[in-house]
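S.K.: Spelled out, the chains give:
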Amino acid sequence: MIAVAGTGQAACDFDALVREHQSMVFSLAYHFLHDRAVAEEVAQEVFLSLHRNLGSIESAAHALFWLRQAAVRRAIDETRRRRRRPQVALEQVAEPAMTQPRGDPMLSDVLRRLIAALPEDPRAVMILRYQEDLDPPEIAELLAMPLATVKSHLHRSLGVLREKLARRGVGEP
Amino acid sequence: MKTVTRLLLGGVIATLLGAQQLQFNLDHLAPKASNVVDVQLSKDLLQFAANFLDGKDDPEEAQVKKLLSGITGIYVKSFQFKAEGVWSPADMDAIRKQLRTPQWARIVGVTSVGDGESAEVFVRSENQKMTGLAILVTQPKELTVVNIVGSVDLNSLSELGGHFGIPKVETPKK
Amino acid sequence: MDWLEQELKRALERKEPAPGFAGRVSAAARRRPMPRWIAVAASVVVLSGAAAGYRWYEGLRAKRQVMTAIRLAGEKLNRVQTRVMEVRQ
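Chains as they are written, first to last, in my numbering: chain A, 139 to 311; chain B, 294 to 467; chain C, 17 to 105.
Here chain A stands alone, though its shape is the one from the complex (with noise of 0.2 Å):
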């Protein structure tokens, strides 16, 4: 059956979140995707997706855990539907090409990129972690994953990062 959102207050509401949550939506669809267009794509149906299901939205901070989730599995279907970033083992992530001072740009951009071709649970991890702000047992129930998986993707991809840029030069001093 088809739910039809059609009380004006439930279109007052959607538009209200829509605004509060568009750059938390765009920015886990772009950390993952690194491509600007499909991530609004993306994001674009994760709020189609609210509208549709915005009956069993029970209150602001159900739906930013909804968005959240839903955020992050649409990306995770879009990574295999296109195809974009093949899956490689966390230890083959590609290094960066040059040498970064810290607080530099250009380090940002490199460090995004790194991100964007970890596997998806990792990548998702990251993200959720760095992007969101969020603690391993809340990353563990929106992704439904184990916390001590969690604690482990965190643990591996953070010294994988550090021995890629450490190679370049780029690390503590």
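Just so you know, the hints here were simulated from the structure itself, not pulled from any lab data. Note that the coordinates shown come from a computational prediction; the quantities given were computed from them, not determined experimentally. In this text, a Cβ means the ideal position worked out from N, Cα and C, and glycines have one as well. Don't take each hint at face value.
[Unchecked claim] Taking lysine-lysine pairs in the DSS-like style, the calculated list, with each CA pair at most 25 Å apart, reads:
#1 B/LYS336 - A/LYS289
#2 B/LYS349 - B/LYS359
#3 B/LYS375 - A/LYS289
#4 A/LYS302 - C/LYS79
#5 C/LYS79 - B/LYS358
#6 C/LYS79 - B/LYS336
#7 B/LYS359 - C/LYS79
#8 B/LYS422 - B/LYS358
#9 B/LYS349 - C/LYS79
#10 C/LYS79 - A/LYS289
[Claimed, not checked] Covered stretches of chain A, going by a simulated chain C footprint (3 or more residues, C-beta under 8 Å):
#11 155-165
#12 176-183
#13 248-254
#14 294-306
Here the structure of chain A is known, so what remains is to put chains B and C in place on it, guided by the hints.
M.R.: Chains B and C alone, transformed into the frame defined by chain A:
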């Protein structure tokens, strides 16, 4: 007498075929769940759906289309809950009881005491051919049962779950 | 948080979508979904064109269900295999 025999035989065959499809009896959990996936696809619906899968330009859909060739039914119930304690072991016991027949064999079972996750894979075989698959996964806030009737390539199915380089899952040889 | 985590926070700061995104989403939401009365009407109209359209709609719905089921089954099977690997290690 002949008519009675035919009816009885038909009943036995229907029972055997029906046993490949598990009875879930989990609908009571739906109202308590924050997210529900409920898929009931019989052979006719699968054949109908297969016509809409893009076997040329979409690699994932092509792989699914190939996977469907041996499948005659897909039944999935997946529930996510906001709190722990919504589902009980009794919900899963009724399903596990159906998997204790000689045709079903548990090929993998993993339990993690720390995070409360349990995962089991069962395969149904007849005359050395696979005729069904059941996957049971539970976490404190999630319960998922997948029942596939027919023959399915486990490695292809696993690849569609999104990861590579995973060891093969061995199916029992009878 | 160490230096890398600080840099990751900086790199993964939220970004804004293109201007007008919210308006486009709201406009799209008002155009979708197809009202229920159209789906019901399609099932009773005798004209072959309308019946074919409904069949196409139902076929896409069945396809979405297949993809959802297969992905979920694959994901769960994958999870089992990952846990087996973890235990073996």
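S.K.: Give a verdict on every hint.
M.R.: Structure-based check of each hint:
no.	hint	verdict
1	B/LYS336 - A/LYS289	42 Å, violated
2	B/LYS349 - B/LYS359	12 Å, holds
3	B/LYS375 - A/LYS289	21 Å, holds
4	A/LYS302 - C/LYS79	42 Å, violated
5	C/LYS79 - B/LYS358	10 Å, holds
6	C/LYS79 - B/LYS336	13 Å, holds
7	B/LYS359 - C/LYS79	14 Å, holds
8	B/LYS422 - B/LYS358	21 Å, holds
9	B/LYS349 - C/LYS79	15 Å, holds
10	C/LYS79 - A/LYS289	36 Å, violated
11	155-165	holds (count 7)
12	176-183	holds (count 4)
13	248-254	holds (count 3)
14	294-306	holds (count 4)
In the structure shown, a violation is registered for the earlier hints numbered 1, 4, 10, in ascending order.
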